[in-house]
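Position chains B, C and D relative to chain A; hints supplied.
There are 4 protein chains.
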Amino acid sequence: MSTDPIPTPSSPPPDVLRCAAMELVVTDLAASRHFYVDVLGLVVTEEDDTCVYLRTFEEFIHHNLVLRQGPVAAAAAFSYRVRSPADLDRAVAFYRELGCRVERRADGFVRGVGDSVRVQDPLGFPYEFFHDVEHVERLAWRYDLHPPGVLVRLDHFNQVTPDVPRAVRYMEDLGFRVTEDIQDAAGTTYAAWMRRKPTVHDTAMTGGNGPRLHHIAFATHEKHNVLAICDLLGALRMSDRIERGPGRHGVSNAFYLYLRDPDGHRVEIYTQDYYTGDPDNPVVTWDVHDNQRRDWWGNPVVPSWYTEASLVLDLDGNPQPVLERTDTSELEVTIGADGFSYTREGDAPDALPSWKQGEYKLGHQL
Amino acid sequence: MSTDPIPTPSSPPPDVLRCAAMELVVTDLAASRHFYVDVLGLVVTEEDDTCVYLRTFEEFIHHNLVLRQGPVAAAAAFSYRVRSPADLDRAVAFYRELGCRVERRADGFVRGVGDSVRVQDPLGFPYEFFHDVEHVERLAWRYDLHPPGVLVRLDHFNQVTPDVPRAVRYMEDLGFRVTEDIQDAAGTTYAAWMRRKPTVHDTAMTGGNGPRLHHIAFATHEKHNVLAICDLLGALRMSDRIERGPGRHGVSNAFYLYLRDPDGHRVEIYTQDYYTGDPDNPVVTWDVHDNQRRDWWGNPVVPSWYTEASLVLDLDGNPQPVLERTDTSELEVTIGADGFSYTREGDAPDALPSWKQGEYKLGHQL
Amino acid sequence: MSTDPIPTPSSPPPDVLRCAAMELVVTDLAASRHFYVDVLGLVVTEEDDTCVYLRTFEEFIHHNLVLRQGPVAAAAAFSYRVRSPADLDRAVAFYRELGCRVERRADGFVRGVGDSVRVQDPLGFPYEFFHDVEHVERLAWRYDLHPPGVLVRLDHFNQVTPDVPRAVRYMEDLGFRVTEDIQDAAGTTYAAWMRRKPTVHDTAMTGGNGPRLHHIAFATHEKHNVLAICDLLGALRMSDRIERGPGRHGVSNAFYLYLRDPDGHRVEIYTQDYYTGDPDNPVVTWDVHDNQRRDWWGNPVVPSWYTEASLVLDLDGNPQPVLERTDTSELEVTIGADGFSYTREGDAPDALPSWKQGEYKLGHQL
Amino acid sequence: MSTDPIPTPSSPPPDVLRCAAMELVVTDLAASRHFYVDVLGLVVTEEDDTCVYLRTFEEFIHHNLVLRQGPVAAAAAFSYRVRSPADLDRAVAFYRELGCRVERRADGFVRGVGDSVRVQDPLGFPYEFFHDVEHVERLAWRYDLHPPGVLVRLDHFNQVTPDVPRAVRYMEDLGFRVTEDIQDAAGTTYAAWMRRKPTVHDTAMTGGNGPRLHHIAFATHEKHNVLAICDLLGALRMSDRIERGPGRHGVSNAFYLYLRDPDGHRVEIYTQDYYTGDPDNPVVTWDVHDNQRRDWWGNPVVPSWYTEASLVLDLDGNPQPVLERTDTSELEVTIGADGFSYTREGDAPDALPSWKQGEYKLGHQL
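Protein chains in written order, with the numbering used here: chain A, 1 to 366; chain B, 1 to 366; chain C, 1 to 366; chain D, 1 to 366.
Read the hints as simulated data drawn from the structure, not as lab findings.
Being a predicted model, the structure only gives us computed values, none of them experimental.
Treat the hints with caution; some may be incorrect.
Said to hold, decoys possible - Not everything, but these chain D residues come out facing chain C in the computed CB check (under 8 Å):
1) Ser10
2) Asp15
3) Leu17
4) Glu58
5) Arg81
6) Arg153
7) Pro198
8) His221
9) Glu222
10) Gln272
Heads up, the beta-carbon is just placed ideally off N, CA and C, and yes, glycines get one too.
Only chain A is shown next, with the shape it has when bound in the complex:
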């Protein structure tokens, strides 16, 4: 239980539709543009010397990814679309009541977006809310432009924060619902997935030193689209951009791949989770020692996936200080020196076959 809970505001939260865009600060705009446009195939809506505005093939709003040249690689804004202009007023009141710094710009903070609210939220993340946005062509039917690994939607964010239950309570106040989480028998929560749109998540809270951005995820339609990106990276001799996967998640049941962009920002390619839109949608809780929770096929998670993440900026553009997680670490309890993972509940700690034991002990080398 959190000793420092975030109070529930009396003001109603804004009605968030969905995670809608990420603004990333990149240190070499040309290199990042190459990665996201020439390799991953995102569509350039517009660009200038310092910014590239990108979108996926089924998006009709101006962009869902902004790359901005800057001195330190970081996440500058986790941007959510709200149902109506009035929700911006609600966002202002909600965060002011929480004592957060709030900034509103009628002309928006980036191109293509109108009236916007940016806040430094109680967890230290730069959250943005907007409704007004420029419409652009939805390229869903433009198969003449689709690459083999066509990315169709921004699916979710994933945030690293030291105290997951504290973060979850705040997000529930903001109107999000938990769909799945990872816990242990002692009640420690290692991660939680939360949604507004009826998928498994719009964002997830991953326990660790934070506030940091763990990753953003783009959706594609079929598993072969994900594999096509791997094959392409091999052909380009960029396979070292692959950090983890491809694989099937236990949590979310989705098929996944994790990449690292030229600044180390992590990008997931994701497909085929399930509908979660009913208010009584069953929450799925996974045991942290279940080695199929993060990869349904039991492939271990590479340690960097647990330890590395992107800085986030405050509203002045300075990196937020990173606070250490005090709860036990998922890496340590699973693939660390004293960690333990099982394939079948009740298995002995040494039950993993030879080909898995080495992999699951990899973490202790760090």
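Structure of chains B, C and D alone, referenced to chain A:
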């Protein structure tokens, strides 16, 4: 424009979450059970001598298809789940104000479902609303049970009604939003797709003699899952169950297949439409003469797909009389004797190559 | 039984490795280049004002398709690769003994190919044999160049000839083996598939007015690659290039799509037949009335697929006269006015459901 | 260069069609039957108390896998089908000239197979040759029996032997051709792939302590079929049967997955290599330090994959002694303590990013 518009009630509509279940009357329960369970692979939640309750592999509510033995093949209930129990009161008030017959049963009309409202709606369809429902295992992770053509969700209904704009206005009053439609230059609307959950539709209104059920649709994840059902039907020497497809829709951009069950009820297998949850989601209007509107690959629609549909029942279980469409028919203006379809806007009426001309003139034989 | 059998030469036949290349005469080289390169994605090995040399992504020989500008659309050469240079001598002797016109050019008839033999074979087709060929990069690993519908191999030819058994006997003398055929109870053979490489065919003989080229087929790896080509044609508003399919063949068990190029030459996209390399590989014989023989899903064949085909040239470049088939026609006995197709053996002639009856009677309109 | 070359017999080798069957000794027949039949879905042709005869869905010969109960897990026969009965005489003469022990049984060594020759080959492997075999139903069209991860063919064997060039020369004498290999700048060969049928291999020689069976491989049609097996193993809580993958090979360009059966026998699931049937098919040589050679996506090979393999039996059924490899080990030079792998030729030894470095140094823990 409709000469007989349905008035907008002053009572607020119920908050509909999604199309949730269909109750079909079938004339040979064993034959229908074989089709839906042994061939299509739906999961039996429970059954007795007169009813089989079925669900898809990602569903957590008791069922999304009920097969009930009866004397006349028909659709007995188009069932929507609402957000809260209070929405049932809203449904009662909304439809009473419309002068509709309304029936409410605290114990529900079928097993697994609690307090429910059934109405005979202004278009003559038996609509049902419920919130309380028994939870069952979501079989998303049970790959040991998944067949090659695994059906994961009930995606939508499709209803035949003589006057599409009239139907759309009523559905908008009920809280639905149009995502796509088919029109002609004269302003006739041939069909419209409407949604509550953020997909292309929870139901569609297809112009024709009605009220009738055009089809129900189950979603699968990948295109090869759809093809696996075709291959299976071939192996079982049941390929004559395939009415149309597989193909890619223009409308919705989804991949599809239409089957006919032993009573002739039409079932669509459907995958990969797009997110529509923003309030300003762009509506896509298709020209009725665009031969890619219903099949993106330009394959013509078999006439039976336009003309045949299932009866619907009133609340006493009697088939509703079928009223004739008075507007022009999509079949007649496209594949009929005087019809015209083009691949490219501006093409001459005889521009179709030899291998397409015969197909597009098929309709006039009926 | 053929009344005019082709004698078996005493000379041994050349050792044919595989169907290796097709030379097509096209009447608008720019339009054809657009179709094969910009749409289908074939790779240009080299080109000049009158010829384009193309290859698939897994081919290592100079080309497997030549487009040559000419006055009349036709097939100029069905080109087979033989195991060794000595096989060219065997080809010369084999065809001379058959009384065929034979032409040999040490420098080849097209770029990239050395010593070659061209013959006007006993059926009237321009067959070519070669061994020496320029090697080029096999682009199998060049995923950076692969389009979504990547074509990897030339899989087979398909030839129209009036007397199928006569053609088969000659091809067996040439070293080919039958893998599948279509017959009726009276012993008429409507088509036969024959192979050298261990797939279902390197070429097939389709009964009809000939000699004509029915189609060439390119292989892709997965079914979604075939569907990607359909989607692309829709996006380019070229869906009228689709003549038949996509579908699953009964014969060969392969997944298919038939396109028509700007001159009407038919191109099949093909994937996933089976290994046939054992000498006792079981021959599969299909009943001509089985409506799953040509489409496993029971979708009828469009009449043009039976009646239209490309002219073939003699060695002087003049179109060969077309002789009429005298045996019964597959179109007439299946989808024609008096035709009959069944889904299940023993079904009554009128057993097809309403949605299939119209389709199967389409042929009688011709 | 081998100091102990195997002489080339003056007798011609048998004409081998393809790798056709493997006989595995298993220590718990029920457990193995469960794995291969209930999990992997192979078809039982026949069985008794001590043997199970299995086949894939496109096979027409009696079996391509025999499971035989025995005291020590081992490979009892690598069985090749030859073109004609006379090839058995050739096999006898060929191996007698090599001084090998040869045994011939007119009634075969296993059910379903007639006249057969078994030899203890110069490398210590139990090779079998046969032609006569019982035909059974080819289940290619039986989609009603196909599981999601349908296995269609036995694709290849993979053998561990200390001296790869020595093994290759012998296999070339037996009529095999090299399609790809792995070498280093010093000329050491670490592995070689060799074929009779025109795929990348019927067997491969992997450098290591031998003679041992590295794995057998079954082919499936599409990548999603391979992934379906992973998903199934997760659902059955048998994911620890997955040793390596899924992934894309560099060598062969095929998509792969490695499993371990209940005795630790390794089974590969494999799809989509390329045609190799031309005599001048280009040999592809990979640098042992190229970290995309064994996984095109740069995922490192788990050490057990290099070090563990199955014993092979002599003709009396006793395990063959295992000889140590004296050449450098692929594990040591790539993922071992002093190993080095690069993504791009010319990269510095420490050029791998953080998320890859740990993985590539995993081997030194052994």
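**OP:** Check each numbered hint against the structure and report the violated ones by number, ascending.
**Re:** Of the numbered hints, 1, 2 do not hold.
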